[in-house]
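Chemist: Take the sequence shown: its letters are residues 16 to 547, numbered as in our numbering.
If you're looking for bench data, these hints aren't it; they were derived computationally from the structure.
Be careful, since some hints might not be right.
Stated by the list, open to error - In silico DSS-like cross-links for lysine-lysine, where the CA-CA straight-line distance does not exceed 27 Å:
#	residue 1	residue 2
1	K223	K148
2	K198	K292
3	K351	K198
4	K198	K376
5	K376	K223
6	K351	K384
7	K292	K376
8	K148	K198
9	K129	K78
10	K376	K330
11	K140	K216
12	K216	K202
Claimed, not checked - Across the chosen pairs, the derived CB separations fall in these ranges:
#	residue 1	residue 2	range
13	N416	P503	15 to 21 Å
14	A278	G207	45 to 51 Å
15	G323	P224	42 to 48 Å
16	P90	R244	26 to 32 Å
Backbone N, C-alpha and C fix where the C-beta goes; we use that ideal spot for every residue, glycine too.
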Amino acid sequence: MATHNIDVRDARDRLIDLLGIGETYPLLDLPVRDDQLMVPFDNTASLPIVLSQDGVTYTLHDKNNAPVNRDNGQPFSIEGNSAEALLETPKIDEDITFKILARKPAKKSGEPGKQGYLHETATVKVGLDVSLKASIQNAPTLDATIDTPEDTDPRIVDYNTSVEVELRNSQEGVDYRLVTLDKDGNKIPLPGGADVRGDFKNITLPAKPVTEDVDIRILATKTFESENREPQTSLLEIALPLKVRANPALAVSMAPSIIDFGATSSIGLANTQTSVKYRLYLRAIPYSQFVHGTPPSGTAVVSVPVTGEPNAQVKVPPSGASWQTPAGYVAVGEAKSGTGGDLSFDTGVLNEDTLAIIEAKKDHQAGAKTMPSALQLTHAAAVLVEPNPAQALTLAWQDNNPSTGKMKVTGGQPGVFYYFRFTSDGADEGLPAYFHKQDENDSALNKGIEQSKIGVGFVISRVGSDESDTDLARTPPPSPLLEIGAIPDGATALYVRAVKAQTRVAVQLAQPGCRALGVMMGGMRMDEARCA
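All chains should be built: construct the whole structure from the sequences, respecting the hints.
Modeler: Quick look at the structure:
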């Protein structure tokens with residue numbers, strides 16, 4: 016709206032009046048903003064006079080140049096203030112056009128001051144203004160590539176987030192509320208919303224947390240308390256699309272949580288959303304992801320009870336606002352649509368302790384386009400796998416000399432302790448034999464000290480005999496030695512218990528244990544003992 020150097024001309028005229036070198040008229044080309052002047056039936060309006068002049072009185076007249084007075088006979092008028100002045104009107108019951116008379120103070124007593132009508136008139140219409148503008152507050156656009164978003168561009172929020180809508184230039188005396196339309200066009204109030212009364216200014220309309228995509232509409236209502244009239248209601252034209260990400264807090268369960276070697280398990284989700292597709296991702300659990308004792312502050316873990324042992328605890332990979340496949344995780348099967356109830360996934364055959372996470376993905380409609388949002392559920396599930404009960408261990412006397420009392424153990428499962436005894440209920444003989452895993456990031460490397468931690472201790476391999484090999488990182492550690500001592504008379508077998516180092520999940524190797532195939536047992540002389 017052009018102002019034609021109003022501020023400069025106003026300063027010029029005030030200087031002329033101050034010096035008394037002439038008389039000036041009020042500036043008559045002031046803008047009168049009437050693009051938003053619609054009021055409910057029997058309400059007053061405020062006519063905005065832009066850049067009003069200080070010392071000028073603005074009086075309301077009808078289109079026939081007659082003054083419009085109050086009930087007490089006084090005119091509707093306002094003094095200019097060098098800024099925007101709001102000239103009040105009487106209550107309006109039909110569309111009407113007003114003229115505005117601008118008058119300067121008289122120079123001499125008894126003489127009228129210079130006056131004239133502003134060039135622009137002000138038309139006030141009766142009714143609910145359905146063209147008001149509004150916008151969702153504090154929510155990013157669904158399409159992050161939009162540089163200058165419009166009010167009606169879809170916004171996206173997290174699940175269960177409260178929303179606020181700012182309505183601009185509200186009508187005084189009108190109540191506004193957030194609603195949505197069902198498939199039949201019925202107006203459904205948004206939960207937790209409340210009526211907010213307009214006051215000519217911008218107002219904020221609230222709603223409680225939103226859980227599904229919704230097109231927000233605004234219902235305007237004018238109630239006539241002192242008249243025998245039905246309330247007047249209208250739906251504003253603007254529609255504000257709000258998209259909601261999937262619920263990240265679904266319960267995730269594993270059944271069973273401890274399985275036989277080479278068995279399967281099932282992942283369960285509860286209270287799934289029909290608008291969401293879910294996909295299972297699995298990863299063998301690296302040693303670095305096990306937690307022993309109290310987890311560090313801020314570390315999320317999934318806990319699996321182990322009979323007779325402390326719970327096994329595994330770190331859950333951090334989840335953000337958008338899905339990023341964590342390193343090492345592999346999708347298993349296709350995505351499944353939510354049912355509104357429970358949903359299950361088969362893990363397939365597992366040979367390693369495994370952590371399961373779930374991707375939750377929604378497809379949002381944005382006009383003719385479909386735009387997805389995806390996230391990782393905050394809960395995860397772990398399945399612990401028993402050691403292989405059919406692992407083929409081989410035992411041989413060190414240097415083929417039984418008198419050493421030491422047996423070299425080979426063929427063990429990495430990450431497993433093996434405990435030996437001569438009777439099924441006897442005491443363990445010597446220290447257990449442990450088979451190291453390779454480096455979790457490079458299978459060609461041995462584990463370093465940091466990856467050898469189990470609880471609060473370390474499992475260190477014995478020194479090899481070939482000291483000339485300098486590339487110890489790639490040299491496989493020597494086979495563990497079992498310090499078994501002398502074989503008791505009458506002993507015919509070794510009983511073997513396999514225990515996972517990190518989880519303490521245990522299993523007895525297939526009976527009858529290590530038969531006397533290479534050691535002196537029960538008076539029999541053999542070359543070696545094999546456990547299978």
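Chemist: For this structure, which hints from the list above don't hold up?
Modeler: Failing hints: none at all.
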